[in-house]
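> Sequence order for the protein chains is X and S. Sequential numbering of the first sequence, starting at 44, is according to the numbering used here. Sequential numbering of the second sequence, starting at 5, is according to the numbering used here.
Keep in mind that the hints are not guaranteed to be accurate.
[To be verified] Calculated cross-link-like contacts (lysine-lysine; reagent style DSS-like; alpha-carbon spacing at most 30 Å):
(1) K100(S) to K191(X)
(2) K205(X) to K159(S)
(3) K159(S) to K107(S)
(4) K107(S) to K205(X)
(5) K74(S) to K107(S)
(6) K205(X) to K177(S)
(7) K177(S) to K191(X)
(8) K177(S) to K81(X)
(9) K107(S) to K21(S)
(10) K159(S) to K191(X)
(11) K240(X) to K21(S)
(12) K240(X) to K177(S)
No wet-lab data here; the hints were simulated from the structure. Since we're looking at a predicted model, the values are computed, not measured.
Listed below are the residues making up each chain.
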Amino acid sequence: MQWRRALGLLPLALLLLAWHIAVELKVYPPVLLPPPAKVAMVFIDDWQTVLDNAAASIARVLTGITLAFLFAVPLGLMIGRYRLLDTMTDWSIQIFRSIPPISLIPLALLFLGIGDKPAIALIFLAGTWPLLINTIFGVRGIERTLIKVARAARASELLVMKDIILPASLPAIFTGLRLAVGGGWLTVVTAEMIAVKSGLGYMILNAQLTFRSDLIIAGIVVIGAIGLLADQLVRRVRASVCRWQEGLTASPE
Amino acid sequence: MNRFIECIGVGKIYPGKDQPVEALRGIDFACEAGEFVCLLGRSGCGKSTLLQMVAGLETPTAGQIVVAGKELQGPSPYAAIVFQDHGLFPWMTVQKNVEFNMKARGTPAAERRRIAAHFIAMTSLTGFEGRYPHELSGGMRQRVGIARALTTGPKALLMDEPFGALDAQTRGKLQDEVLQIWQAGRTTVLFVTHSIDEALLLADRILVFSPRPGRIAADIRVDLPRPRVPQSAGFTALARELRELVGADREID
Ligand SMILES: Nc1ncnc2c1ncn2[C@@H]1O[C@H](COP(=O)(O)OP(=O)(O)OP(=O)(O)O)[C@@H](O)[C@H]1O
Ligand SMILES: [Mg+2]
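With the hints as extra help, turn the sequences into a complete structure.
Right under this line is the structure:
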């Protein structure tokens with residue numbers, strides 16, 4: 044089991060090897076393509092810079108996604124439950140979710156200026172649509188009999204929401220959260236290249252201006268690593284919150 | 005006569021995907037408070053549909069249903085229903101599932117626990133309170149559904165093939181329990197079954213359904229003394245008559 048997990052590192056090892064060979068063969072001059080060891084040194088010499096910028100990016104994503112969660116999940120539960128709301132919002136959701144958040148950067152800058160606000164607003168948007176759509180999808184998927192059980196018990200609308208609709212939708216909500224966190228992370232890096240003067244996106248763009256390709260590559264490594272960690276974290280939380288779902292779904296061979 | 009449940013010219017047409025499905029037509033019957041009525045008939049002749057209409061979960065497309073002197077409007081406060089497909093909440097433990105109907109009525113938590121423990125013991129589920137439905141056998145799930153329906157002491161107990169997935173021994177035990185509850189509380193019971201023997205063991209009256217569209221083909225009074233003895237002459241004679249009416253073997257389907 045353990046060594047099987049290690050298989051996941053194989054493509055990464057191959058990539059590292061290819062990088063090493065490319066450096067040895069001098070495909071690009073060392074200023075452009077530094078050796079892996081030099082990039083590793085960034086984490087010793089410039090760890091403070093990397094840490095500060097990573098923290099700034101993470102804080103923005105956390106804020107934006109939390110806001111998106113608080114907005115989209117209750118709204119999705121209502122839209123999924125009430126046909127009228129669904130009819131009312133369906134087109135709007137389909138339209139707005141097709142707009143890449145990045146394309147709203149110019150507007151965000153005009154309205155919100157340079158700083159945290161436009162970045163967080165864009166992450167909020169990036170996270171809202173997957174959360175909203177998956178929550179609605181989760182509510183729709185509830186077995187009809189279960190709603191009948193609740194109606195037969197003459198359960199209040201609040202109890203139905205709390206004890207039935209919400210728990211039944213949790214697996215789908217977590218799927219939405221994974222997509223939202225992924226989308227938010229993509230968005231923050233891009234937004235930081237334009238709208239803010241801190242964060243990993245700003246760091247790597249700035250590094251380009253000072254010809255620090257080692258810092259650029261180190262930044263990219265950190266972006267990828269945090270993306271992986273965030274995804275693993277959401278999966279863990281999902282597994283523990285949706286423990287009842289174990290054994291209900293087929294697991295891949 | 006004290007009519008507790010009365011169906012007057014009840015019909016049900018489901019919209020259906022391609023064309024409407026006429027599930028029931030011209031259902032006329034009345035049953036007294038405290039009567040034990042079995043609904044017997046082949047698959048698809050509308051037994052579940054009728055039960056759900058009496059529970060107020062489906063509305064008739066023709067005729068009316070009167071319970072306790074009032075035409076049904078929405079879920080009936082008198083009825084508790086055991087669903088054919090269990091209707092257990094997969095995210096709730098056995099304990100929480102059994103308590104749900106009481107929770108919906110606002111029964112205080114301590115009393116819920118006390119009553120749930122009683123019915124969990126009656127259905128031989130003690131020790132499984134903390135399990136989730138997917139960790140139970142089909143028969144155990146059915147028993148959880150039965151326990152849940154009994155907790156609120158309903159005036160009308162609507163059971164949709166509640167013992168279908170049980171072994172003969174458990175089945176016999178639960179048949180006795182249902183008879184005891186029925187006799188102790190003078191509960192009115194509507195009980196759907198595929199088994200002629202089960203109907204004869206339990207019922208004061210057997211409604212035999214015929215298919216396409218579902219109608220009541222015969223309304224048979226069972227005047228055999230209780231407890232019923234399957235080997236007795238009266239029992240076997242009625243069994244033969246019923247077998248002819250439904251045109252099938254002992255276990256019809
Ligand atoms: N929600 C629904 N939408 C459309 N058609 C339905 C629906 N529920 C039931 N039907 C149809 O109504 C008819 C009666 O179904 P019902 O479930 O009441 O039969 P049943 O007597 O309980 O059968 P079984 O013994 O197999 O449980 C069937 O033809 C079924 O296909
Ligand atoms: Mg049925």
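> Compare the structure with each hint and give your call.
Here's how the hints hold up against the structure:
1. K100(S) to K191(X): Judged against 30 Å, a Cα distance of about 17 Å means the pair holds.
2. K205(X) to K159(S): Within the cut-off at roughly 28 Å; holds.
3. K159(S) to K107(S): holds, 18 Å
4. K107(S) to K205(X): holds, 12 Å
5. K74(S) to K107(S): holds, 26 Å
6. K205(X) to K177(S): Roughly 36 Å separates the two Cα atoms, so the pair is violated.
7. K177(S) to K191(X): Roughly 28 Å separates the two Cα atoms, so the pair holds.
8. K177(S) to K81(X): Distance ~77 Å between K177(S) and K81(X) Cα, so the pair is violated.
9. K107(S) to K21(S): Cα-Cα ~36 Å, so violated.
10. K159(S) to K191(X): holds, 19 Å
11. K240(X) to K21(S): Not satisfied, since the Cα-Cα distance of roughly 58 Å exceeds 30 Å.
12. K240(X) to K177(S): violated, 74 Å
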